[in-house]
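A.B. asks: Please model the entire structure based on the sequences and the hints provided.
Chains as they are written, first to last, in my numbering: chain A, 1 to 541; chain B, 1 to 414; chain C, 1 to 417.
Keep in mind that the hints were calculated from the coordinates and are not lab data.
Note that beta-carbon positions come from the ideal geometry of N, C-alpha and C, so glycine has one too.
Just so you know, not all the hints are guaranteed correct.
What the hints assert, rightly or not - Here are the simulated distance ranges between beta carbons:
id, chain 1, residue 1, chain 2, residue 2, range
1, B, Gln-177, A, Asn-7, 52 to 58 Å
2, B, Gly-299, C, Asp-332, 47 to 53 Å
3, A, Ala-252, B, Asp-51, 49 to 55 Å
4, C, Asp-262, A, Pro-135, 20 to 26 Å
Unchecked claim - Stretch-level coverage of chain A by chain B, calculated; a stretch enters the list once three of its residues show a Cβ under 8 Å from a Cβ in chain B:
id, segment
5, 417-427
6, 454-464
7, 503-517
8, 523-529
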Amino acid sequence: MTTVNNNHYDVIVIGGGITGAGTARDCAMRGLKVLLVERHDFSTGATGRNHGLMHSGARYAVTDHESAKECIQENMILRKIARHCVEETDGLFITLPEDDLNFQATFVQKCTEAGISAEIIDPKQAIIMEPSVNPELIGAVKVPDASIDPFRLTMANVLDAQLHGAEVLVYHEVVDVIIEQDRMVGVKLRNNHNGEELDVYATVTVNAAGIWGALIAQMAGVKINMFPAKGSLLIFGHRVNNMVINRCRKPANADILVPDDAVCVIGTTSVRIPIEECDDMRVTPEEVEELLAEGMKLAPSLGSTRILRGYAGVRPLVASDDDPSGRSISRGIVTLDHEKRDGLAGFITITGGKMMTYRLMAEEVTDLVCQKLNISKNCDTATTPLPGSEPKEETKRFSFSQKAAEGRHGTLDKEIESGDAASDALVCECEGVSVGEVRYAVTKLHVHNLINLRRRTRVGMGTCQGELCACRAAGVMCSDDKSAQKAINDLNGFVNERWKGMQPVAWGDNLAEAQLTATIYQGLLGVDKLANERRIEYYEI
Amino acid sequence: MRFDVIIIGGGLSGLTAGIALAEAGKDVALVSAGQSTLHFGSGSLDLLGCDDKGNDIYKPIDAIATLGEKHPYNKLEDVSGLAGVAKQLLERAGIATTGDANVNHWRITPIGGLMPTWLSMEGMAIVQDPDQMPWKRVALVNIANYLDFPTKFLAAGLRERGVQVDVKAVTVPQLAQLRKSPTEMRSTNIAKVIESNDIINDIADKINSITGEGYDMVLLPAVLGVASSENSKKLLSLIKMPASYVATLPPSVTGVRLQTQLRKRFNSLGGSFFPGDQVIEGVFENNVLKGVKTAKLDGTTLEADNFILATGSFMSRGLKADYDHIYEPALGVDVDDMGLDRKTWAKIDVNEAQPYMEMGVKTDEKLRCLRNGTAINNLYAVGSILSGHNSIKLLDAAGVDMLTALQVANNIIK
Amino acid sequence: MATETQTQNVSVNNFEQCLKCSICTVYCPVSAVTPEYPGPKQAGPDAERYRMKNKAFFDDALKMCLNCKRCEVACPNDVHIGDIIQAARIKYNTHRPKLRDMMLANTDFVGTMASPFAAIANPILKLKPMKAVLHGVMAIDKHRTFPDYSSRKFESWFKKNAAALQDKFNKHVSYFHGCYVNYNYPQLGVDFVNVMNAVGYGVHLLEKEKCCGVALIANGMPKQAKRQGEVNMTSMRKAIAQGHQVLTTSSTCTFTMRDEYDHLLGIDNHDVRDSISLATRFLYQLIEKGEIKLAFREDFKKRVAYHSACHMERMGWVPYSTRLLRMIPGIDFVMLESQCCGISGTYGFKKENYERSQAIGKGLFDQIKEVNPDCVATDCETCKWQIEMSTGTPVMNPISIIAEALDVEKTRELNKQ
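C.D. replies: See below:
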């Protein structure tokens with residue numbers, strides 16, 4: 001773990017989601033001394049709980065021109081700078097018999113106005129391009145949607161921030177802010193692993209904590225009107241589709257199906273929830289029903305495909321400042337300069353927006369930070385590839401795990417030991433994760449437990465959700481007797497975390513799988529009896 | 001095709017019933033849809049390991065009185081007697097075990113826990129009293145780079161109990177060759193390589209040379225003896241110090257051996273084993289099952305005087321859960337779903353007792369299946385498909401499998 | 001929605017049903033002897049998820065799969081693991097088959113060429129220099145003995161000696177003899193005709209018969225296999241229209257035409273499938289229904305050990321052959337432990353597979369030596385080659401054993417209407 005050498009920084013960034021990671025990267029690249037703090041693991045909030053869709057912007061073209069433009073610009077940038085996080089799948093916007101085909105013309109026109117290439121495709125041709133699509137479609141438009149892996153994207157931003165000198169503290173939670181007169185000068189952190197507290201200081205503090213940013217602001221006596229919207233999604237066992245499939249109509253529930261790596265994801269529902277509930281969200285049976293019913297309209301074979309799990313995220317929607325009632329919600333980027341807005345210097349909140357526009361958000365807020373610090377340095381994040389996304393070297397990858405690892409880490413896969421039997425042994429058979437990759441993640445990617453490891457490598461994200469691999473990975477990660485008990489607790493926690501996503505969809509083969517997993521972990525190994533701690537945190541669900 | 005008895009399901013319960021009936025001179029056919037849960041076994045068989053609060057049980061026969069009224073053991077005439085019969089049946093199939101239904105002993109789990117059990121296959125490391133470990137100094141010897149034997153956890157677990165443990169690893173060229181496969185460095189493949197290359201002596205020499213002297217126990221992963229215990233015994237006999245095996249992650253070599261030996265025994269008694277087929281329909285007539293149809297033997301009805309349903313629970317497809325209900329897919333007999341639906345049959349904490357685990361088919365006091373509320377005169381259910389107990393929490397799976405099978409065999413023979 | 005949705009999670013070749021329990025890996029005869037093979041679970045359902053994402057995940061090592069389907073028999077959740085692997089080979093393999101593979105795969109073409117010259121071909125194929133050429137140039141293993149080519153094809157025998165007699169029967173079947181009976185071992189065909197005639201059935205050949213294509217599939221020529229399969233289906237439809245069942249004496253041909261045509265080659269055989277049967281199954285079912293009776297010679301005595309050929313086991317039809325054999329009073333029947341013999345059609349003929357092939361079969365050979373039967377019975381012709389070569393014990397098709405044990409006169413009497 002990075003240690004805090006000198007506790008005064010130019011900027012402290014709060015929040016290890018994509019916005020925080022991107023902001024840390026931008027600040028570091030402009031030469032600032034940066035500390036990034038995250039109370040749990042990276043991408044545990046909204047960043048890790050969405051579709052993994054790299055919007056072309058088409059979804060917003062009709063309703064929100066500005067967002068659509070931002071999306072397509074960032075979309076084109078991410079293809080270049082985050083190659084290894086992006087899969088260029090393209091997307092379809094389909095019209096079904098129950099939809100109004102007239103909407104298509106408006107849609108294409110608005111896309112074109114926003115700079116999004118939108119090509120009308122003959123429905124028969126669309127079926128050839130994407131055989132899983134509902135064959136009853138009456139219209140289709142092809143747009144440059146793609147899929148993007150938010151875990152990889154966040155990690156790559158963090159790695160680049162570190163390469164540019166940023167320090168990073170995970171499992172460090174902001175428990176208070178330090179204010180001197182009318183200026184925020186730092187924050188009080190608690191190490192969530194051992195409870196120790198420490199103060200860190202900075203000229204500027206950037207609040208990039210997503211929905212939880214409202215609570216940070218509250219500590220500083222500042223009010224931000226957040227409106228948390230819960231969105232539930234389902235993961236299917238394999239890729240049913242190879243192109244993103246959307247409905248060509250006004251955005252509604254469960255109308256996007258995204259192929260992500262070896263799975264596909266349908267979502268989302270949308271329901272307002274109180275901010276206290278953001279810490280413990282579960283997918284309800286009604287949501288499962290709705291997602292499945294609507295999903296089958298996009299791709300009927302979802303009805304006969306195994307659902308691996310359900311999960312829910314929360315969108316950090318912000319009420320416009322000029323409308324305290326909260327009725328007017330902005331989906332765009334919201335940068336709050338609290339010095340101007342609330343008379344509290346040294347404190348900026350960046351929120352709203354979407355994963356797609358994280359880089360732009362980071363650029364905007366970094367511009368403001370630089371202005372406060374009187375630094376004039378241009379932003380280079382749009383043109384500099386992220387670590388792992390540098391131009392591909394022509395190495396031939398042979399084994400399943402080597403190919404899978406290249407997909408996950410891009411050119412950084414060269415840091416993974418391979419070629420000898422000990423490193424090549426497979427830990428996770430579904431996702432092709434080798435011992436070498438686990439070791440790489442543990443040493444280089446801020447991995448403290450199995451759930452962190454899963455976010456970095458996909459261990460346990462396959463069909464069986466960790467039936468054998470979790471135990472193998474725990475064995476590889478465990479170094480001595482002292483850590484053995486921790487590793488067994490971790491293993492028990494991991495099995496429970498996997499189950500929490502499976503439980504809402506526990507029927508069919510999933511229930512059989514659950515029984516088999518319980519037979520192995522509880523019946524054969526006795527993990528539940530050996531674990532002396534059962535605490536599962538919401539962010540691990 | 002006509003038989004005296006047709007058994008549906010080729011796992012521990014089906015084979016136990018099949019052997020008991022064939023030994024009594026019955027013409028038995030056994031239809032098995034794929035291999036069984038023995039492949040996830042521990043090398044030990046449990047009768048009753050824990051009470052419903054999760055506490056270890058020391059005297060299982062005595063503890064049976066405390067079980068809930070739905071537990072299948074309540075339908076057995078003489079649990080203790082049947083337990084003895086089960087042990088002898090295994091013995092005749094070439095499976096020697098230690099253990100006694102009156103007093104549990106403890107097995108060592110692959111991550112270093114101790115779990116109460118009834119019978120352990122010969123060669124498995126066991127502990128008679130969990131509060132008093134029988135060894136002071138243990139050498140824990142793994143096959144180099146074999147990931148399914150987590151030695152760090154095992155060592156830590158033993159040390160926690162006051163045992164001094166040294167962890168070692170051995171390899172020989174033939175195993176190093178197997179290591180080249182990133183996916184297939186598995187217990188059963190290790191066993192096949194060792195056994196087919198006849199390198200048990202080499203491995204014993206390696207183990208002897210790296211352990212040296214001074215251990216009162218050498219613990220090894222149970223990766224020997226797929227087809228019989230001959231080779232696993234041989235290795236132990238060649239090691240200079242007392243040595244025994246600890247279970248690995250699946251597939252379980254001891255479980256495969258148990259399965260193989262039982263099936264061979266069944267075959268040698270003249271039983272007909274139909275592997276890879278599946279009963280898809282029953283022909284019922286006035287509360288009597290006349291015959292069953294299978295997926296593969298299309299056009300043929302398998303007929304018998306008596307039938308035994310031994311198809312296991314969800315993971316063996318003996319029970320199925322669809323979007324909104326639980327059913328028994330082979331014959332459509334009545335299932336006790338405890339009145340629960342999809343929202344309630346699984347609880348949020350994985351370690352809680354899961355209601356779905358207790359679901360199974362309904363039976364009368366003679367273990368006969370019910371169909372539309374009425375008992376079928378000649379159709380019995382045995383093993384994990386029975387409702388009324390949570391085998392993961394109570395640690396009673398093998399006991400329920402074997403003892404209900406023996407009880408039903410008795411009911412049929414009578 | 002609830003009831004019609006998610007009631008069965010079945011996708012193409014149902015790889016989704018895989019619970020990752022690893023049981024299949026225990027029963028794979030290949031992964032046990034060669035670490036280069038990733039094993040059925042990895043090669044099948046695991047990697048298929050990734051191949052669906054990117055075909056670069058296809059691994060050439062999949063060609064080591066024997067297509068024995070023992071993984072499928074072992075699978076507790078009915079995943080078509082072998083089909084997934086073979087389908088992946090068909091879909092993603094980019095290598096073109098070698099000359100050797102084309103020669104081995106085109107069993108009927110080679111047979112047609114060799115048969116007229118059997119007197120020359122057989123000794124030549126056995127000569128050391130020829131074997132060296134085959135081994136070196138063609139990569140056909142020198143240890144292998146090519147099955148003899150018969151000097152007269154079964155079809156020629158049938159036309160000359162049997163065809164004219166068949167119409168006098170009241171009941172009729174069609175016979176798919178397969179390449180082996182036609183070119184290598186016409187006696188099995190003769191035995192079949194004799195048995196069927198004895199129980200009152202006339203035997204007819206199909207209008208046009210092509211090799212079932214199993215070797216073409218295995219050697220990476222699915223298109224040709226599909227063309228041949230279509231020809232067979234057309235001929236069979238005509239036979240079925242006349243009320244004939246189509247019988248074979250080969251478990252592999254039967255399995256290929258009933259299951260692999262649909263699963264791997266995309267041939268629509270749904271209207272034909274149920275009418276294709278194995279001779280032993282056909283006879284057993286008729287006996288069970290009381291429609292025919294068999295009478296056996298009293299002097300017939302034989303110790304017979306039955307070997308469950310892989311595809312026979314996959315079809316689940318072993319009981320038909322074994323229960324039929326057990327009807328012979330003079331038989332001392334032993335059931336061998338079911339395991340692969342290692343030949344897998346043309347697989348074991350290839351130089352690169354020879355050692356693996358023998359290692360796979362070793363357990364079976366040891367068992368046979370221990371049982372020491374007069375003959376081994378099996379429903380598969382390539383198992384016959386392998387077992388005879390490796391153990392020296394003669395191997396017979398159950399139909400040939402029936403033919404040998406049958407009291408033909410008495411049987412004819414019993415089956416006269």
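A.B. asks: It remains to establish, for every hint, whether it holds in the given structure.
C.D. replies: Structure-based check of all given hints:
1. B:Gln-177 x A:Asn-7: 52 to 58 Å: holds (55 Å)
2. B:Gly-299 x C:Asp-332: 47 to 53 Å: violated (30 Å)
3. A:Ala-252 x B:Asp-51: 49 to 55 Å: For Asp-51 (chain B) against Ala-252 (chain A), whose Cβ atoms are near 52 Å apart, the range 49 to 55 Å holds.
4. C:Asp-262 x A:Pro-135: 20 to 26 Å: With a Cβ separation near 22 Å, Asp-262 (chain C) and Pro-135 (chain A) satisfy 20 to 26 Å, so the hint holds.
5. 417-427: Since three or more residues must qualify, the claim that chain B covers the segment 417-427 of chain A holds, with 6 doing so at under 8 Å.
6. 454-464: violated (count 0)
7. 503-517: Held - the segment 503-517 of chain A has 10 residues with a Cβ nearer than 8 Å to chain B, which meets the minimum of three.
8. 523-529: Holds, because 7 residues of the segment 523-529 of chain A bring their Cβ atoms closer than 8 Å to Cβ atoms of chain B.
Violated hints for the displayed structure, listed by number in ascending order: 2 and 6.
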